[in-house]
Amino acid sequence: MTESSSARPHTGPRVAVLVVGVVVVAFALIDRWLTVRRGFSAPVGTVPFLVFGGLLVAAGLFGRNVVPAYRGTATILLNVILLLVLVEGASAMLRRWRARNRVERSYEEMAWHPFYRDKPWAAEYWREFEESKPMAYAPFVIFRRRPYNGQYIHIDRDRRRVTPGANCAPGAFVVYMFGGSTMWGTGSPDSASIPAYVQQGLAKRVSGPVCVVNFGESAYVSLQGMIQLALQLRAGARPNAVVFYDGINDVGTTWQFGRAGSHSDQSDIAAAFERRSAVRQLAEQTSTYAVLRQSFAPVRRDTFPIAGLADSVVHNYLGVTEVVRALGKAYGFRTLFFWQPALSESGKVMTALEKRDVGTRARRHLQLFAETYTRMRAIAARDSADDLHDLSSVLADMRGDVFLDQAHLTPDGNARVAAAMLRAWDGLPDCTAPRGCAPAALAAR
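Under numbering that gives the first Met the number 0, the first residue of the sequence shown is numbered 0, with each subsequent residue one higher.
Treat the hints with care, since some could be wrong.
DEER-style ranges, computed between Cβ atoms [claimed, not checked]:
| id | residue 1 | residue 2 | range |
| --- | --- | --- | --- |
| 1 | 230 | 377 | 31 to 41 Å |
| 2 | 168 | 302 | 38 to 48 Å |
| 3 | 77 | 21 | 26 to 36 Å |
| 4 | 54 | 322 | 54 to 64 Å |
| 5 | 233 | 164 | 22 to 32 Å |
| 6 | 168 | 119 | 29 to 39 Å |
Keep in mind the hints are simulated off the structure, nothing from the lab.
In this text, all values refer to a predicted model and were calculated from it rather than measured experimentally.
The C-beta atom is built at its ideal place from N, Cα and C for all residues, glycine as well.
Input sequences plus hints: build the corresponding full structure.
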């Protein structure tokens, strides 16, 4: 029997395997084409089907030679994977080193701040903070923390941090407070957040129940607070007063993306809707991709038009205040806006740690803060609505470590901010509780 005739018995199975492989590949490609054509992202399962179909085609074409070819290919792939793992590990280390060099203080580093050394609650608080920190999707406002029940951090079923002492019984004087992580109370237990101190102060001034609701959330900009308020009004809620405490995140996201009006995590949100391959999405989650992007395609912040960006931040923020005021007139609540203190613009005599934080931040980043805060001080000084208050220097006379970083405050700092907010209530006109802008008992202290 010749060599060619001995190979014929294997021809049938090889052809069958080849046909099956071609069918699998064709099916995967057609499915991908139809899915994308309908406007959806390419299906993740396309790649495994293509690989499987390709292996079947190779087996049909090369027959017995496919085994040694497979071994050689597998060896090469294994070495490539090992190399990628090593590169990813090195990139992760470099990424952490760069972050440490920039001294962009993480929450973990905050936990080691000297303020907490003699606080018996600190260790448990920061453990609970790490547990409660992960975000989940929230309609229209994009993200919020999940419900959480700890000793020092409580987040209710509506995903809002609990304000101790709040009495939201019918007829209560209701205050909604909006802002970012500084309003939420990063670095402080429930009882030492800004809303908690406002609750305590109003309870002493108001005859009847007081309900201060903390809508603050990490990374929220003023526009997200406005949307959150609109959602509450749509659901039928009718607060007596709403408080907005913003500034840091509006400036921060502008610096991050080079344009005002942005929100945090834009790239992640965009990836969920844009048609990107599964391989690309996976690659973009790696430290290697992050290091390469930072090294070869960094955001050119040295070319940002600082004055123009500052104007845009102020313009967008004032747009939010106009909408909220209009809602207040339509729904009968009083509005109060507070431009929050930032370490670099506080006028405070800084401690060594505070100087370190400011000194390691990008010069142009600090310039954006300076330009924006200068504009907001001038606007607040001539505010015709008498509801926009500049708190940028409210901590100027405090000594010691009050700032944990550029934005976050110790409980002592939160107490000072809350006291300033309560003073702003002194000028509110009398109204009839529970509706209107303020109860009469509030003005007659």
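Results for each hint:
1. 230 with 377: 31 to 41 Å: holds (33 Å)
2. 168 with 302: 38 to 48 Å: At 56 Å between Cβs, range violated.
3. 77 with 21: 26 to 36 Å: holds (28 Å)
4. 54 with 322: 54 to 64 Å: Hint holds: Cβ distance 58 Å, inside 54 to 64 Å.
5. 233 with 164: 22 to 32 Å: With Cβ atoms ~28 Å apart, the hint holds.
6. 168 with 119: 29 to 39 Å: holds (33 Å)
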